[in-house]
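Student: Here are the chains, one letter per residue:
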Amino acid sequence: MDYADELISNYEHPHNKGKISGADAKFHEFNPVCGDDLTLYLKVRGGKVEDVKFDGTGCAISIASASMLTDEIKGKKLSEIESMNFEKLKEIIGIDPGPVRLKCATLSLKALKKAVFLYEHKKVDSETEKL
Amino acid sequence: MPFNVEAIRADFPILQTKMAGKQLVYLDSAATSQKPKVVIEAIRDYYVRYNANIHRGIYELSEKATEAYIQSKEKAARLINADGIENIVYTRNATESLNLVALTYAAQNVRKGDHILITEMEHHSNIVPWQLLANRNNATLDYIKVDVKTGMLDRNSLSECMEKGPVIVSITQASNVLGTINDVKVIAKDAHSHGAAVIVDGAQSIPHMKVDVKDIDCDFLAFSAHKMFGPTGLGVMYAKSDMLDKMEPLFGGGDMIMTVTLKSHTWNGLPWKFEAGTSNIEGGIAFGAAIDYLNGLGLAAIDRHEKSLTEYALKRLGEIEGVSTFGPDLKYVDKRVGLVAFSVGGVHAHDIAQVFNDNGIAIRAGHHCAMPLVREVLKRDSLARMSFYAYNTKEEIDKAVDAIEKVKKVFKVC
Ligand SMILES: Cc1ncc(COP(=O)(O)O)c(C=O)c1O
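Chains A and B, in that order, give the protein sequences. Read in order, the letters of the first sequence are residues 1 to 131 in this note's numbering. Read in order, the letters of the second sequence are residues 1 to 414 in this note's numbering.
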């Protein structure tokens, strides 16, 4: 795996980093292997993502993918997020992280989807759990 | 005799492998060592020529397997200067050995309000069993502090903890993160004078230095075969005979009994009382071959070789701006085993390891199963670690240094 320039710049200067006070939903995810630790905050309006932020610490892959993912989903319908999968994430971050770093890359997507399910009072589906 | 690393490397087929398209540089022996041909062959030989269950068979194949298995215990006993095979209980790994002590001797002797003493530099395998036991038996778990500046145990903290009169003192002989060698002999003497039983985690020491259980006078010692040229799935719990005699077994079943009636049973002799069911026979036999190989190289020579690699690595890493190393400094290299944990600027250790991988270099990254030490004492999220064994060379450390320069470039660390 190569550290593409875009990935590195998103890691160095992550977008949407921080907290949202009075968020409509938030979800904390932890990757015990790397120690990546991420909380995702969501503000919803009319069934769409009005604002999203993430906070935490982690490796370049986890931070950069959180940065790019949060950029991508602003204004998106929650129903679209519900069906996002790993393939979609790879498109967004522009790399295939490979099996070892998979969990680093998917951490933010997992937190995001769980925040959405939580907001909608839905059960987290098994595909999300497996991310 | 000079230490002929090139000849040693030729004994390890895997060192010819490529990783990420590059010649493999294996700097992760503290996690598990590579295996020489003689060990791989010993496993094959057992299955091809004399596979049979041990102890019970009245036929030649079984006798041969039993003999090879018992010989391996004799070799393990000699390696650490134990009295004999009665002191050598085979387990799955060092972790199981430590748990076994916690679940037998300690569980049978720790009372409400008692103190159990460990250190802040333990591997999870020497923390969690004691947390579980302390919870179960309403005991208190104390930690000897690590002096972050020196990477060694804090003497004041040690004596304060001893004053509480612990009934169990369980300490690593060498830290898998700091590399620090603890003077377990002195600690054991102190602990015994307070009436404690002494357990030593030898997972990182036994593969790399000569250890004499009579000299250090520990009551128990735990280590794993896979970190010393041997197979996975085989560990040792050494214990003094009088300890083992007093202890109840944990598992019941075949082999650990003498007689069984509908009402009761009697126990087998040592060490078999603690080995219920069919053993890891191939593992035991391969471990015997590993100990032969280790002795052939000589622990003193391995130790010298690793010290010189550690010294070289500390020097070279010390010259790179933005790189920090952990554990005792260069002056105290004789107090270290062959591993160096390091960080590069604020780069996450997994990103460091990724760049190393892309250059064919295997290192470990993360909390190294020592979260309390890494997070709470050293205050880091994660660390990278290179570790050495008999087959490593200075040229490999040079390659690691080049990889660090690449990490700095990719992540713009100056
Ligand atoms: C200091 C120390 N103790 C115990 C262990 C546990 O060894 P195993 O996983 O073989 O049980 C390790 C392994 O990394 C270790 O470094």
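Just so you know, the hints here were simulated from the structure itself, not pulled from any lab data. Incorrect hints may have been included.
[To be verified] Pair ranges (Cβ atoms, derived):
(1) B:G346 to A:K74: 40 to 48 Å
(2) B:Q16 to A:K74: 48 to 56 Å
(3) A:G46 to B:G346: 48 to 56 Å
(4) A:D125 to B:I70: 37 to 45 Å
(5) B:K394 to A:K76: 52 to 60 Å
(6) A:D5 to B:T232: 35 to 43 Å
(7) A:G98 to B:V48: 31 to 39 Å
(8) A:D125 to B:Q131: 56 to 64 Å
(9) A:G98 to B:I70: 56 to 64 Å
(10) A:D125 to B:N109: 18 to 26 Å
[Stated by the list, open to error] Chain B stretches covered by chain A per the calculated footprint, using a threshold of three residues with CB under 8 Å from any CB of chain A:
(11) 339 to 352
(12) 399 to 412
The beta-carbon is built from N, C-alpha and C at its ideal position, and this holds for glycine as well.
Student: If a hint holds in the structure, say so; if it does not, say that too.
Tutor: Results of checking the hints against the structure:
1. Between G346 (chain B) and K74 (chain A), the C-beta spacing of about 28 Å breaks the proposed range 40 to 48 Å.
2. Take Q16 (chain B) and K74 (chain A): their Cβ atoms lie about 51 Å apart, and the range 48 to 56 Å holds.
3. A hinted range of 48 to 56 Å for the beta carbons of G46 (chain A) and G346 (chain B) is inconsistent with their spacing of about 40 Å.
4. Restraint check, D125 (chain A) to I70 (chain B): a C-beta distance of roughly 55 Å breaks the suggested window 37 to 45 Å.
5. The supplied range of 52 to 60 Å is met by K394 (chain B) and K76 (chain A), whose beta-carbon atoms lie about 54 Å from each other.
6. As the Cβ distance of D5 (chain A) to T232 (chain B) is approximately 41 Å, the hint placing it in 35 to 43 Å holds.
7. Distance hint check: the CB atoms of G98 (chain A) and V48 (chain B) are about 37 Å apart, consistent with the given range 31 to 39 Å.
8. Separation of D125 (chain A) from Q131 (chain B) is about 35 Å and departs from the stated range, judged on CB atoms against 56 to 64 Å.
9. For the pair G98 (chain A) and I70 (chain B), the beta carbons lie near 45 Å from each other, so the given range of 56 to 64 Å is not met.
10. A C-beta distance of roughly 50 Å is found between D125 (chain A) and N109 (chain B), which places it outside the suggested range of 18 to 26 Å.
11. Counting residues of the segment 339 to 352 of chain B whose beta carbon lies closer than 8 Å to any beta carbon of chain A gives 5, which reaches the threshold of three, so the coverage claim holds.
12. Given as covered by chain A, the segment 399 to 412 of chain B passes the check, having 3 residues with a CB less than 8 Å from a CB of that chain where 3 are the minimum.
The structure fails to meet hints 1, 3, 4, 8, 9 and 10 from the earlier list, while all remaining hints are met.
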